[in-house]
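S.K.: Sequence:
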Amino acid sequence: MALLWPLRMLTVALGARVALLSAAYLSGWLDVRRYQVESAAVAFILIGALLHFLTGRNPAGERRTAAASSGEWAIWCAASLALYWPSLWVGPLSDDFVLVGRVQEGRFGLVHSEFFRPLPLLAWFGILRMHGGLVGLHLLNILAHGLVAFFASRLAAPIAMSRLGTFAAGLIVLTFPAAVEAVTWASGVFDVTATLLVLAAVLVARRYAVRTERSTRAAMLLCAVGALLCKETAVVVPALVALDAWAARRWPRALLFDVAGLAVMFAGVGVVRLLSASDMVRQPLTKYLVQRWLFGTVGGLAVPWHGQVIGTWPWIPVAGACLTIGVAATFFVTRSAAGASRSVTAAAAWLLLGSLPAVTFFFVAPDLQGSRYLYLPAVGCALLLVTMVSQTGSAGGRRLGTAAIAVLILFGTMGAREHQQYWQEAAAARDVLLNAARADGRLRACGTVGIRGLPDTIEGAYVLRNGADVAFANTGLTLSATASPTCTFNWDAGRAAFAAVP
220 MALLWPLRML TVALGARVAL LSAAYLSGWL DVRRYQVESA AVAFILIGAL
270 LHFLTGRNPA GERRTAAASS GEWAIWCAAS LALYWPSLWV GPLSDDFVLV
320 GRVQEGRFGL VHSEFFRPLP LLAWFGILRM HGGLVGLHLL NILAHGLVAF
370 FASRLAAPIA MSRLGTFAAG LIVLTFPAAV EAVTWASGVF DVTATLLVLA
420 AVLVARRYAV RTERSTRAAM LLCAVGALLC KETAVVVPAL VALDAWAARR
470 WPRALLFDVA GLAVMFAGVG VVRLLSASDM VRQPLTKYLV QRWLFGTVGG
520 LAVPWHGQVI GTWPWIPVAG ACLTIGVAAT FFVTRSAAGA SRSVTAAAAW
570 LLLGSLPAVT FFFVAPDLQG SRYLYLPAVG CALLLVTMVS QTGSAGGRRL
620 GTAAIAVLIL FGTMGAREHQ QYWQEAAAAR DVLLNAARAD GRLRACGTVG
670 IRGLPDTIEG AYVLRNGADV AFANTGLTLS ATASPTCTFN WDAGRAAFAA
720 VP
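In this note's numbering, the protein residues as written are 220 to 721.
Because the hints were derived from the structure by calculation, they are not lab data.
Wrong hints could be hidden among the right ones.
To be verified - Per label pair, the in silico range of CB-to-CB distance:
#	residue 1	residue 2	range
1	D688	W465	24 to 30 angstroms
2	V354	G660	28 to 34 angstroms
3	R663	A482	53 to 59 angstroms
Unchecked claim - Derived SDA-like pairs: lysine to any residue, alpha-carbon spacing no greater than 25 angstroms straight-line:
#	residue 1	residue 2
4	K506	L575
5	K506	A437
6	K506	G589
7	K506	A567
8	K506	V490
9	K506	A259
All residues carry an ideal CB built from backbone N, CA and C; glycine is no exception.
All chains, full assembly: derive it from the sequences and hints.
M.R.: Written out as structure tokens, the structure is:
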């Protein structure tokens, strides 16, 4: 078609424009606003997608699924432990104090009207009963994260068609820099375990195409329901299972029946949740909220970096964004394997569906507060990148794409370690505060105290936003907003001491 070459040139030009605007925005060079980057990205994706659908496809190659070796899951868990080793010693922060207290009292039901997440709390109960302590709670998150990366590699196997491609998908998830909030913070167990069971449900659902047995159907349903009992955002499981079946063009009757049943049941759960939800969750879907969710999800995955990292080493997020744009542009302008459109569409839809349940309150701050909402979408992002590279028709394009993904994984490894430091700093601030409370004779004499100026976060890592009363109770003090004036103090972080309120 005569239209293809102009579209290819336009796609490359739009990709270069997005890269330049992203570099200018992230580095603070020139007066580039975020909305300019977002509008340029939309134009690039729309024109690139049009070009992709107009371009003739190469014949489909043999779609081979790279088999997993026995014990590979253990290697992924060991890799996660090596990457997140510093997080083992962070200890309780913010919500952790409240949740540990509930578990020790044997309360696994509703945390409040919106949250019913008994499975992770039951796991905590078992760990604490076996004297695993707080290190055991962090170890649960880290090992579960390794399994999530392993399952992501298994999801990518049919589309990657090589061991290298499957490993790449898992490594992208393993080293995703914005996963630190979910993995390092003990309370992130809800996101990690929910994602783990979501991936398990999708993988088990693939077995329907080979052999439909009662055990397979029961396993898929148990994984789906289990995911929902870890976090409410797992309500998207039926959609993700259906999406994966659509991409593979495999719709066994039993799978269709089970997915439809799950969809009805989960829709009912969603309605009940909305009826009892807070005003923040029940906000009307305005254009602004949808835009914030859409660009926040895509932007958070494309630039999963803390504001401090962007300010100190802007070349890292700039290079990462440019490499991602380069992978997409190469896929758009070259002939792709037959079936690539479905695989790419499914991965892109996964990316958005992962954060859709949080659409009314989705927000990822520059200091990565709220980045746990990107944990499930990160799997879709990994699948999208690997699909675009693996299904590119040009051998040269595949080699360049593989090199780009390797660099992104290297950057991610650096980012995951760097982002953990903020949580270590938050833990250090907590220890200084609580040790000062134990040593201060004035507080001990009062017994019931009021404390002002408690640290909320340290560079986005939660300290005592919640659970301060439990934290102080562990020191033998009672925290009360109605404490007498003589027993009310200000916390001076600079002096690491309590000062009497004048």
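S.K.: For each hint, tell me whether it holds in the structure or not.
M.R.: Tested hints:
1. D688 to W465: 24 to 30 angstroms: This hint is violated: roughly 49 angstroms between Cβ atoms.
2. V354 to G660: 28 to 34 angstroms: holds, 32 angstroms
3. R663 to A482: 53 to 59 angstroms: For A482 against R663, whose Cβ atoms are near 57 angstroms apart, the range 53 to 59 angstroms holds.
4. K506 to L575: holds, 14 angstroms
5. K506 to A437: violated, 40 angstroms
6. K506 to G589: holds, 21 angstroms
7. K506 to A567: Holds: K506 and A567 sit about 21 angstroms apart, inside 25 angstroms.
8. K506 to V490: Holds - the C-alpha atoms of V490 and K506 are around 22 angstroms apart, at most 25 angstroms.
9. K506 to A259: holds, 19 angstroms
Checked against the numbered hints given earlier, the structure breaks hints 1 and 5 and satisfies all the rest.
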